[in-house]
Amino acid sequence: MAHRWGMAVDLDRCTGCGACVTACHAENNIPTVGELQASRGRAMHWIRVERYFEGEFPEVSMKYRPVMCQQCDAAPCEPVCPTYASHHSEETGLNAQIYNRCIGTRYCANACPYNVRFFDFFNPVWDKPLHLQLNPDVSMREVGVMEKCTFCVQRITAATITAEAEKREVKDGEVKPACVQSCPSKALVFGDLADPESEVSRLAESPRGSKLLEDLGTAPKVTYLQGVEHA
Amino acid sequence: MDRRTFIKLTAITGTSATLASCGVPEHQLIRFVPDEELVPGIAEWKPSVCPLCASGCGLNVRVMMADVDITKDGQAGVVRMGVAKKLEGQESHPISQGGLCPRGQAAIQVTYHPDRLAQPIKRTGNRGAGTFEPISWDAAIAEVVGKLDALATAGNQKALAVVTGGRRRVLLDQFASKFGAGAPVTYELFSDDLLRRANQMSFGFAQLPTFDLSNANYVIGFGADFLGTWNAPVAHTAAYGRMRRGRPGVRGAFVQVEGRMSPTGASADEWVAANPGTEGVLALGIAHVILREKLRPADGGRPGALIDGWSAGLPAYAPQQVSTVTGVSAKRIERLAREFAERSPAVAIVGGVPLAHTNGLFTALAVNALNHLAGAVGQKGGVSFTPQLSRSTSPAGGSLVQLAAASPQVLILDETNPVFSAPKAWKVRETFQAVPFIVSFASFIDETSVLADLILPDHSFLEGWIDAAPESGSAQAVISVAGPAMKPLFQTRAAGDVILQVAGKLQKPVDLGAQTYDAYVKAALAPLGDDAWTAAQKQSGWWGELPKGVAVAPTPAEAKPAAARFVPPTFDGDAAQFPFHFLPYASAAFLDGSTAHLPWLQEMPDPITSAMWSSWVELNPKTAERLGIGLGDLVEVASSAGSLRAPAFINPGLAPDLIAMPVGQGHATYTRYASGRGVNPVELLAPVTHAETGTLAWAATRVKVTRAGEPDGKLVLFSARGELRENPREGETR
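For the record, the sequence lines run as chains A and B. Sequence positions in the first sequence follow the working numbering and run 1 to 231. Sequence positions in the second sequence follow the working numbering and run 1 to 734.
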């Protein structure tokens, strides 16, 4: 059965702590670039927590919103890629990035309205022995390619292989990307949108739910659940 | 060059290269025989405990095979061994509950840090110059034993001093007292000792409180960053998630009172700004209305008896008067009181900034009394105290300031960096400089360990036995403990083992009941029954109901309870010369600066500012406009204690009379990632202390601010690369 992996982000639970951001670095071998390159806009965070202020002191409020690749069904990054490095996976529904096809045109980053694609300006460097932490399940990206959130496809693949070996379907909640696993308030929920019984499918139908910039017609697979219900 | 010459040359260079590497042993690649059985590519999960704060989260460590460069008997080579790859929260552990905070996720970089000390070192140059030479473990331990024996021979055991901030306090305490020295000095910048004192007075437990947010319907926070950096943030964040969306049809409400919107306050439904140091008045104003309107039974119990005027219905705290002091409108106070009383279970939380004023004890006692009035103490959805296993400890040692007067001859430092995090006026560096012999268990050279004569680097938490006794975060008792998740990378030794070894080698050996640290921890768990130790090792700890007689009992109420009343907070610095209150706060990435050496945390965008690798000064937009300061401009902040320069960040969630700065950067020496980066706001702090506990009132300094120059590019913001539409209502109008 083809899957449609998706996520729900409950903004009422999110406290903006940033555990997802660090967990993503740990899982996906994302290098730190250092102060100078970060100041040039080259820091890479596949997931970030956006913060919005509203109002003036003392009537001021703030909101957090974790933003990662929205794994769009109609992804603007895909048709612009001349090498089909950015393409749609039929079996997972994911917006996949094939690193060794990528020639670094960066058209996809221009096309993405969510600013979630990052260009490798350098070969990654880890001061020894920090390299011992690297996850052997995730390939390294070399200079000149684009990278972005994969919904931890290595974890999806591992669970799928296990399920196939045991001649069963992947259970709901069996796959947890690193950000979802780490979230202390359980604000992030991951699952198969092709399974109408899954929790993520249920949350995607919530009256609190909405998609980010959905008026652009990108058909994202991430649902954001607002803090307070509206009439 | 023709073909013939090329081949000749190749042969010559090739041969000489081979010969050269034969003569130099380090050019040979030695492969040691691995002594672990691991399958390549298959992960094994092992329990551990996060060491980065006191909350004691249980970890699940993903261990996989890797080739590791090691030195064995002086021979460099490669060995295939199991190494930690990823830390995750232990699902069943009552503190972590499967999750972690960003610091816990980054803790693995402690183990693999390129500047970690790989073996014992001895000072060679001047003290503080940072020049050391390697020394063998045997020689190092003999030196420590020799220094301690010399004290004992001279009958001068009191001249041993211990300064610790960490997990091994109980062990070091037992060692010091049996040796004949005073109790260890503990120092933390963001110490909770004042709250512990208040909780002992109000409830009989000198402990941080646990909040049952999962079952709460209404929460008022007074300045406590309980979802970010304070108390047990992971446990409370897990409970907070359930409070908001874990109960069908019930959504707990959350009001936060503070002067700077903390990352926790940003999640509140209603945010209330109160004048600095008046949070206790607001709490009693709420209590006044509840008493006046008889919204709850008037019982104040033990906490109420500590408040002046409680039995008379708190006449001094009528909403109109409270409004004048706090700046919160009387109408709002009336409404908050009604909501708090009617939407039970309701609970109030106080911690952090409000208690860092000179009147912090009053504030804490006031909130404790409010909790009792709301019926929140020991109840579902309220506040409780995690049962503690009693261990014999002496009362807390003196302060860092008193240490100088004691003129110690030998100083033991463990998991502490007071040279960085204590106010300059306390002269900690000068005190330590004057000590003839200093030994430290540090894994990194920081501002304090650089002063040591001998550094005996500890194993990383993944390489040795690790334990913690969580003080809060769980309704049931918890002892976190785990064995090594991997073999040591370097020639380090577990500090617990070293302390026990030194104790045993003294002329008059000190008996601590164990030869190794795991045996010591095992003995500590003995009162929990035979199975506790075995069970604990499988799941990062033991939790459950404590057997009768081994739990810490509440202390009885004082015979003559204090009549706590509001006294306005006092501040260092004249208000005319220094017009702003200065608020240093625990940063989400670095807490008090102890995790600033981890590159993932340096590059993690701050939750409020999105800043990375930076220091900054926060100003209210109107204040900034008045002073002609824009985003990124260099500003100078000065107090009576000193001055510093850093880029400005304009923060709409900050009171106009406050200047805020995150603590953590500004390390003079703390590895390649933190050294020389940014500025340390602690240097501005005047040595104002709480009269009751001697702890630092770190929010009691006034400052002035001036624009000092154009942006210097040192404020690195992640959001500057362009955000989504700045529309906070995005998606709400479906």
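I should point out that these hints are in silico values taken from the structure, not numbers from a laboratory. Just so you know, these numbers come straight off a predicted model, no measurement behind them. Even glycine gets a Cβ: it sits at the ideal position worked out from N, Cα and C. Incorrect hints may have been included.
Simulated coverage check for chain B against chain A, where a stretch passes if three residues somewhere in it have a Cβ under 8 Å from a Cβ of chain A [stated by the list, open to error]:
hint, segment
1, 333 to 342
2, 458 to 472
3, 557 to 564
4, 609 to 621
5, 626 to 634
6, 686 to 700
7, 708 to 719
Sample of chain A residues lacking proximity to chain B, with all beta carbon distances greater than 10 Å (derived) [stated by the list, open to error]:
hint, residue
8, T22
9, P82
10, N123
11, H131
12, V143
13, K167
14, R202
Outcome of the hint check:
no.	hint	result
1	333 to 342	violated (count 0)
2	458 to 472	violated (count 0)
3	557 to 564	violated (count 0)
4	609 to 621	holds (count 6)
5	626 to 634	violated (count 0)
6	686 to 700	violated (count 0)
7	708 to 719	holds (count 4)
8	T22	violated, 4 Å
9	P82	holds, 24 Å
10	N123	holds, 17 Å
11	H131	violated, 8 Å
12	V143	holds, 19 Å
13	K167	holds, 21 Å
14	R202	holds, 13 Å
The structure does not agree with the numbered hints 1, 2, 3, 5, 6, 8, 11 stated previously, though it agrees with the rest.
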